[in-house]
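Asks: In case you want the letters, here they are:
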Amino acid sequence: MKSLDDLKKLRDEALKKVEMREGGKEYRVVVGMATSGIAAGARPVLNQLVKEAAENNYNCVITQTGDIGLNSYEPIVQVFDKDNNQVTYVHVDPEKASRILKEHIGEGKIVEEYTVDAAEKANGKL
Amino acid sequence: MPTYRTNILVCAGTGCSASNSSGIYDAFNESLKKYGLDQEVCVIKTGCFGLCQKGPIVAIYPDEVFYCHVKVDDVEKIVSEHIYKGRVVKELQLSDEDLLTHEKILDINKIKFYEKQQRIALRNCGKINPEDIDEYIAMDGYAALGKALTTMTPQQVIDEVKASGLRGRGGAGFSTGMKWQFEADQPGDEKYVICNADEGDPGAFMDRSLLEGDPHAILEGMAIMAYAVGAHQGYIYIRAEYPIAVQRLQIAIDQAHKYGLLGKNIFNTGFDFDIELRLGAGAFVCGEETALISSIEGKRGMPNPKPPFPAAHGVWGKPTSINNVETLGNVAQIINQGSAWYSSIGTEKSKGTKVFALGGKIKNTGLVEIPMGTTLREIIYDIGGGCPNNKEFKAVQTGGPSGGCLTEKELDTPIDYDNLIAAGSMMGSGGMIVMDEDNCMVDVAKFYMEFICDESCGKCTPCRVGTKRLLEMLTKITEGEGTMEMLDEMEKLCYEIKDTALCGLGQTAPNPILSTLHHFRDEYIAHIKDKKCPAGVCKHLLTYSINPDKCRKCSMCARNCPVDAISGVAGKEVFKIDTDKCIKCGTCMSSCRFGAVERH
Chain A
5 MKSLDDLKKL RDEALKKVEM REGGKEYRVV VGMATSGIAA GARPVLNQLV KEAAENNYNC
65 VITQTGDIGL NSYEPIVQVF DKDNNQVTYV HVDPEKASRI LKEHIGEGKI VEEYTVDAAE
125 KANGKL
Chain B
2 MPTYRTNILV CAGTGCSASN SSGIYDAFNE SLKKYGLDQE VCVIKTGCFG LCQKGPIVAI
62 YPDEVFYCHV KVDDVEKIVS EHIYKGRVVK ELQLSDEDLL THEKILDINK IKFYEKQQRI
122 ALRNCGKINP EDIDEYIAMD GYAALGKALT TMTPQQVIDE VKASGLRGRG GAGFSTGMKW
182 QFEADQPGDE KYVICNADEG DPGAFMDRSL LEGDPHAILE GMAIMAYAVG AHQGYIYIRA
242 EYPIAVQRLQ IAIDQAHKYG LLGKNIFNTG FDFDIELRLG AGAFVCGEET ALISSIEGKR
302 GMPNPKPPFP AAHGVWGKPT SINNVETLGN VAQIINQGSA WYSSIGTEKS KGTKVFALGG
362 KIKNTGLVEI PMGTTLREII YDIGGGCPNN KEFKAVQTGG PSGGCLTEKE LDTPIDYDNL
422 IAAGSMMGSG GMIVMDEDNC MVDVAKFYME FICDESCGKC TPCRVGTKRL LEMLTKITEG
482 EGTMEMLDEM EKLCYEIKDT ALCGLGQTAP NPILSTLHHF RDEYIAHIKD KKCPAGVCKH
542 LLTYSINPDK CRKCSMCARN CPVDAISGVA GKEVFKIDTD KCIKCGTCMS SCRFGAVERH
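Read top to bottom, the protein sequences are chains A and B.
Quick note, my numbering runs 4 ahead of the 1-based positions in the first sequence.
Quick note, my numbering runs 1 ahead of the 1-based positions in the second sequence.
Treat the hints loosely; a few may be bogus.
Taking lysine-lysine pairs in the PhoX-like style, the calculated list, with each CA pair at most 20 Å apart, reads [what the hints assert, rightly or not]:
#1 111/B - 86/A
#2 265/B - 6/A
#3 392/B - 364/B
#4 46/B - 20/A
#5 91/B - 117/B
#6 163/B - 392/B
#7 106/A - 29/A
#8 6/A - 350/B
#9 29/A - 111/B
If you're looking for bench data, these hints aren't it; they were derived computationally from the structure.
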């Protein structure tokens with residue numbers, strides 16, 4: 005290492021290792037990972053989210069939770085903003101997960117068609 | 002670099018290691034493999050989280066969940082429930098009870114132990130892997146060294162440290178910037194810097210935890226100091242009794258070398274600096290700087306008169322600055338964030354934060370870092386949780402064998418160097434031992450005097466002979482053979498030792514006696530006149546007996562007595578203690594379920 009720039013480069017690279025311990029992110033993305041969630045395919049969704057969030061430096065933490073309670077809609081991904089406003093996405097697969105990250109986290113636009121409201125409407129429950 | 006979705010941080014400080022945290026670390030790795038999660042989740046050994054009482058501690062990020070008292074057997078459950086299925090294992094979660102609503106507090110930032118703390122020196126402890134230089138660099142590590150070397154002159158570095166108001170954290174509280182200035186002003190180009198890691202106060206473990214949890218911060222602080230004073234060689238004098246700290250420091254030094262952050266031509270600025278470890282054999286006097294220098298030179302660790310001060314005539318006869326571990330732990334932060342930021346924290350004359358090792362009769366034993374100006378009451382009650390078992394607080398001892406006791410009256414004193422001296426104690430390196438009603442203050446003074454007699458190097462008569470005489474008088478008092486004249490004699494001798502001893506060890510050695518005599522003279526008098534130990538500690542002044550009205554003839558006491566001093570017939574005859582045989586161990590008292598054993 006011969007200059008401050010070298011140090012900075014190393015720092016930016018190393019930051020990926022530790023940044024999840026720092027908190028203070030704009031969004032929290034939570035995947036329902038109880039037995040039913042895993043059975044419905046939540047695991048590849050979680051892995052896709054983690055991978056893409058790191059690659060694109062999205063301003064969010066990806067974490068998991070237990071049973072969210074809407075078993076017929078799993079896999080479920082919930083996005084919380086700083087004020088704890090919550091959007092629930094249902095029947096998520098890895099492809100949908102990337103779009104949620106790109107549009108919701110990246111651009112701040114909710115992907116309406118994947119939300120639980122849209123699904124309920126389609127089922128004629130709303 | 003692989004991307005992990007979750008980090009599991011296992012405390013690998015000395016306290017948690019003693020409770021098998023390395024077994025927990027291995028169990029996590031094994032269990033994650035079993036569940037096929039080892040590519041998604043990584044396990045990291047980290048430094049002290051501070052709450053040693055609740056150890057071993059495991060933290061899960063990004064969830065910010067802290068588990069306490071974790072055992073190897075719990076690991077499987079944490080992995081299968083929390084890591085695999087996202088369900089927090091509530092029964093292991095670190096929590097606090099809200100005193101008003103009695104609700105459980107689980108948010109780590111709201112838990113009382115952490116709420117009043119401000120972590121500057123300890124900022125990376127429990128956050129990073131101390132054996133990975135990349136993680137230190139990710140937390141802005143070595144940026145301060147880079148800034149100092151490439152944008153500041155040595156004098157600017159000294160001025161910045163002076164302006165920050167940083168004072169030596171080893172206990173005496175001398176201005177760090179001034180110390181550096183003295184050495185920088187010395188002629189010659191062979192100069193040295195030393196990190197004093199010879200932490201030796203009974204009950205103190207601040208420096209050990211910092212070295213174990215964030216060794217690179219100390220190396221960086223030393224390199225900045227070396228640049229400021231014009232030195233090219235540094236030594237870390239550390240006791241061999243700190244094996245984990247020694248090992249991590251050596252790893253850190255090797256890694257820094259590999260990255261060119263130590264060695265020749267650092268940051269291409271022509272600045273050369275290297276650090277060597279020097280292991281001490283654990284003599285308390287080697288924390289005194291002139292004795293420490295002798296020990297580094299391979300001589301017997303004995304102090305020399307000052308002046309000449311080390312800044313002019315230190316190791317190998319050359320100018321040397323010696324700073325304590327915690328002091329150096331603050332330096333990079335001061336350079337990075339500026340002296341104005343640092344001096345905005347603390348009180349008028351004591352800036353920044355101080356790390357204390359909280360121990361003794363306190364609920365939350367552990368490591369705390371508070372801004373100067375926090376009161377003793379806040380540390381003991383808010384952070385420490387008060388005395389356990391509803392016992393009454395009696396005193397708090399600060400400054401180790403050089404310090405003194407503070408009582409209820411002084412609890413609202415804001416902590417800084419000057420206030421503690423005014424109150425009759427001292428800051429010291431940061432050991433803080435809490436005592437409750439069951440502690441005998443004469444016995445406490447005797448404990449410290451025994452320590453000093455063991456550790457006195459014997460070079461000067463006041464310390465070698467004087468402390469021995471003090472211990473003899475204290476021993477007589479605790480055995481019921483003291484006289485009132487002894488109190489005056491002790492006091493007089495204390496002041497003579499203070500005035501005439503060669504080094505800091507001897508000069509401050511009488512402090513525990515003077516301070517207990519001042520605050521607890523009535524306890525001394527009870528030992529001398531009434532031949533009683535009010536706290537029930539001094540064995541020679543105690544007798545145990547069995548109240549025949551309460552005795553149920555169960556024989557429990559007799560069966561537990563290690564010296565067969567209790568006689569009686571089970572079920573038929575009340576039991577009796579033979580006071581000639583009794584060694585006053587108290588086993589009968591704790592084994593009796595009917596409260597029939599009494600102590601007078």
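Asks: Against this structure, judge whether each hint is valid.
Replies: The hints, checked one at a time:
1. 111/B - 86/A: holds, 18 Å
2. 265/B - 6/A: holds, 11 Å
3. 392/B - 364/B: holds, 11 Å
4. 46/B - 20/A: Holds: residue 46/B and residue 20/A sit about 17 Å apart, inside 20 Å.
5. 91/B - 117/B: violated, 25 Å
6. 163/B - 392/B: violated, 44 Å
7. 106/A - 29/A: At roughly 16 Å apart (the allowed maximum being 20 Å), residue 29/A and residue 106/A satisfy the hint.
8. 6/A - 350/B: Not satisfied, since the Cα-Cα distance of roughly 39 Å exceeds 20 Å.
9. 29/A - 111/B: With a Cα-Cα distance of about 19 Å, the restraint between residue 29/A and residue 111/B holds, given a limit of 20 Å.
Of the numbered hints stated above, those contradicted by the structure are hints 5, 6 and 8, listed in ascending order.
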